[in-house]
Amino acid sequence: MGTRLRLATPTDYELARDVCSYGYFVLWPNFWDVRRRTLTRPLELADGPATCVIGQSGGTGAELRVVFDRALTRGEQGEARRQITRMLRLDEDAEHVRAFHAADPRWAKSGRGRLFRSPTMFEDVIKTVTSCNVAWPSTVRMNRRLCEVLGRASSRDAPPGFPSVQRVARTKPGTLRARCGVGYRDQRIVELAKLFRPRGQRPPEMDPAWFEDPATSDADVRTALLALPGIGPYAAANIMQLLGRYGAVPLDTESVRHGKTVLGLQGTDREIMRAVDAHFAPFGPHVFRSYWFELWAFYESKQGPAWSWERDRIAESFTAAQFRD
DNA sequence: GGTAGACCTGGACGC
DNA sequence: GCGTCCAGGTCTACC
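The first sequence: position 197 = 1305 (the numbering used here), numbered continuously.
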């Protein structure tokens, strides 16, 4: 009999809306069950991986019910709560979301405000690196292979989870390239994993808690992120939003497409990126969410509501090139 | 501070 | 079915 947990949610929390809010929810090892409206994924815990199924019944603000495929120790239960809270942004309460809606009332009716992320900063960083310089189907493939090749499963029938920091840190770059299809990112991914190893094994100046600490300034976090291998301006801005720092737009080719097709901007790509940046600047510390929910609404206008996106179908059909025209 | 080219993979395209 | 071209963000060298 597996452990069952109940997690309280913010009063405005809706699992389907708040999980299906960012592309990572369709990346392995995440699995959104469209019919049951539950999220399934393995978590890496002290005694090994455990797969959880997260559901919400009872409407907005109802508690989450989490069922694991094995019994968890008390310590593991605490760690599982921390990881799920991070992944679902349960720590961003209704007041936090209302502050965003006050700055950008367009999203008040739908209640959008939270963005799905990973249980750990390490997974968010690697997912961001695998999204750079590739089309979306390649990002999907890289994350699936990373899990299949390096991830551990909680049981014979369970899917493999995201590989642990230690596992990636001791993997040869050539293995990542040959078996996970990460290409030239191989060395950078291994170097990143070494930086994220547990205290005592990692460089003293690299502390994930420091990045997560609200007392650390955005400017300092950005500078530190840009110093990491494989992290440039786009990746740094994206990791910033994954850390809950919404004051910048990760400018990429999608920004240019959005600027041209939705905002009606004209000029060179560089000029359009600057114009997109200026367009959203009035939203101040909420810039990213105003930008992102515009993009997300556009995707939903093409693909239907995000909660209806089946992972293994959306991986093939969801490409930026498809939206170019 | 700006720019050009390499990096790697897979999809699109032409033959 | 095969070969070629292109898209995608980061990094380095260079101006």
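Honestly, I wouldn't trust all of these hints.
FRET-style restraints, in silico, Cβ to Cβ [said to hold, decoys possible]:
(1) Ala1210 <-> Thr1283: 45 to 51 Å
(2) Pro1390 <-> Lys1217: 17 to 23 Å
(3) Pro1341 <-> Glu1320: 32 to 38 Å
It should be emphasised that the hints constitute simulated quantities derived from the structure, not laboratory data.
All figures in this text were calculated on a predicted structure; none of them were measured in a lab.
Ideal Cβ positions, reconstructed from N, Cα and C, are used throughout, including at glycine.
Let me make sure I understand: some of the numbered hints might not hold for this structure. Which ones are they, in numerical order? 3
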